[in-house]
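Work out the full structure, taking the sequences as your base and the hints as a guide.
Numbered continuously in our numbering, the sequence shown closes out at residue 1943.
Incorrect hints may appear among the rest.
[Said to hold, decoys possible] Simulated restraints on C-beta separations:
#, residue 1, residue 2, range
1, 1281, 1527, 43 to 51 Å
2, 1660, 1796, 53 to 61 Å
3, 1844, 1931, 15 to 23 Å
4, 1788, 1922, 43 to 51 Å
Just so you know, these hints were derived from the structure itself, not from any lab. Don't be surprised by glycine CBs; every beta carbon is placed ideally from N, CA and C.
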Amino acid sequence: MTIRTDALDRLPVRTAVPALERALDDHGAAVLCAPPGTGKTTLVPLALAGLLDGGRPARRVIVAEPRRIAARAAARRMAWLLGEDVGRRIGFTVRGERRAGRETVVEVVTTGVLLQRLQRDPELLGVDTVILDECHERHLDADTAAAFLLDVRSVLRPELRLIAASATTDAAGWARLLGTGGGGARPDAAGAGRPGAAPVVEAAGVSHPVEVVWAPPARPVRPPHGMRVDPALLDHVAAVVRRALRERDGDVLCFLPGVGEIARVAGLLRDVAAEVLQVHGRAPAEVQDAVLAGAAGGARRVVLATSVAESSLTVPGVRVVVDCGLAREPRADHARGLSALTTVRASRAAAAQRAGRAGREGPGAVYRCWSEGDDSRLPRWPSPEIAVADLTAFALQAACWGDPDAATLALLDPPPTGALAAAREVLTAIGAVDGDGKATDRGVRMARLGLHPRLARALIDGAPPLGARRAAEIVALLSEEPPREYGDDLAAAWRAARRGGDGYAARWRQEARRLERAVDARAEGGDSPAGRTGGEESGGRPTDEAPRRQTGDRPSGDPRTGDRPPAASGAGGRVVGGSGGAPRAGGHGDDAAAGLVAALAFPERVARRRGEGAYLMASGTGAELAEGSGLRGAPWLAVAVADRPVSAASARVRLAAVTDEDTARTAAAALYASAEEVHWSDDDVVARGVERLGAIELAARPLRSPAPELVRDALLDGLRRTGTGLLRWTEEATRLRQRLGFLHRALGEPWPDVSDEALVERAEDWLGVELDRARRRADLERVDAGQALRRLLPWATGDAVRLDELAPDRIEVPSGSRVRVDYAGDQPVLAVKLQEMFGLAETPTVAGVPVLVHLLSPAGRPAAVTADLASFWGSGYRSVRAELRGRYPKHPWPEDPATAEPTRYTTTRRR
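Below you can see the structure in the form of structure tokens.
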């Protein structure tokens, strides 16, 4: 074996290794910033392990990568640099695959495997250094691993060395974080709560220039929403790839957000004079290896890739990058129990990483499919996964670590309170944590399976009735969602995978075998060596110590790679089914088995048909099947994957299985409720005994004698919805309400507010007796509102007896008539014939407020309106007299009304 010193010497990061070692010796932690292609992923671990200096004893180094493809590639590259095969001094472990042995000194693992190992062996006995690579991507597993490692350094192993490495990262933030030393000190902008920031070591990159070519579409394209990308943008990207092939030498690496977009662009490039390769998390290992091996015979290549190719990988021959400018990030809808990937603008950090691929081996160019002006508006960093994703798996990891609230974990960003509470609700319902949030034995068992907790629940509870193999096969389908061409029927997809010969089917079989072994080992005793391999396929360092905390590998279908999300990542915040005994599948056919497992994993998504292709899920969210789906017409579905497009009322079903009511009841037992439901509906009280599974009504029957308190609440609800018009308002009751309303406006307390809103708010104060007696709307309609309203009069203060004094129903005018006062408007109105007010100089008042006098003609029509009689007699009366005395000659029209005798009669008839 011969070390390839010439290749090692060409890696620029070598000059930074002495500074990095000094930083680790002095502080035990450091941040390494090194541009793409400098060798930070491959040379630094070899140097720190002592494999480049035969005079030093080897130190064991673990390198944590966010993706399996990167972990395998990094291990192969390091082994090649040492002139040996993978599996000796250089090894790797990812979920489902391990190539390492007793001689292994440097081991590359996924961050999920590292979390498993930390949960099983918190001290990481024998490990000297841990490198968290590509930490700028802010994957939740990487953030969690960093927090756990800082905890370990603070409490158990202060000598453990920790490096956060990336080409583009928030170096200051990571330096503050690593400077906390763990133990619950979360960093802030000022670095409070830390002994000192960790050193930042920077390495100079290879000075291969990368020319930026701005290539925006000629016409505006629709912005992405949900998983949808405007086809016009993809057409433009394909055209830019063709342009790059004409204008530049070398291979082209094109970044696209997901598998669907890669397939479409590949179709548009079928006729180019180059080999078109597709790289993503679902691509078969041989395809990934072929891309990383380089072109054969000098043929040009176009590599279409998701973000898996952003970092940790060098694709040989690439001189040109075409960047569509989009990325995929997870989003959780906790209120509806849904989650999905969403397409977003790539961050500036991601754009820099992508551009760097073009300059790894020589001068290159990046074609950016957006304008230079738009570039300044890109976010600086990608959204931290902890801020936007489902936190159920994270919450179980924290609980198994001994910190259910994640309150003492040193994290760059704290978990959102609502998302963490939703995750706790899920874990409690499936029996993974107890009422205090502490991990149960069942929860520890779930965590060891290397699955999302929902899928772990489905495997554990589905294995007894179905058998470990069948349950494992279905769960494996859900852990990495099948290709779209498999269809939306989970049972049919299961059959397709069993007979399929594609890359997905091969990975599915491997995962199914792993899960079968894991669940069998757990059932047989759980702490056997075989039982400890479930999460990382024999990837851990088995110990006899009782595990303090457990977690799992990152589920297949990494959101950052553009893969379809695993069904498990669709966890929301709704309460899900309980963890009681093993359910029965209601038969052992494929449909029944698939329905059972899907319902166990996503009990709040069991759904009953409510129309053609339309369903209602137990969570309360509507769901719709695509036209032509073979699932249409099924009375019940267990929905495994669904997403809710922007502004859509219902979720779209992507993957589901036919099930039945018994299975739904069993799987979603925690959502079952049987209760008396008395509510206001269709303008009356409806009383029923109802059985529900979440929002799904299973059965209902009329209640003859509903609980009085429930009826009372329903009637109050009816008043709130309909208003006080439900009651019987006589003329006298209406006048009383108007008088009280006037006094409240004029005098305030203690006179009550009798507006509709206030009366509804105080309904129990003035309608208490009537509400106790009423059973339906008709009973309310018989209630005398006026009589009930008198209960609101201020009896306690004694003011109630002054009602007629302060707001009299009638006022006696100079003619002797008692005229009713109208309190309906903002100001009291006294409508009286003009002749009856002769001789009255001052306007009458009520509660100190002048009434508005409507002076009527002999025929009762308004002749004048005044709130100042004295002024009217002096000026306005003359014009009224001139207009009316010819029309009504039999009525008195004196020249001086202020001294005239008032009368109700004509001049020929006096009082």
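Results of checking the hints against the structure:
no. : hint                    : verdict
1   : 1281 / 1527: 43 to 51 Å : holds (48 Å)
2   : 1660 / 1796: 53 to 61 Å : holds (55 Å)
3   : 1844 / 1931: 15 to 23 Å : holds (20 Å)
4   : 1788 / 1922: 43 to 51 Å : holds (47 Å)
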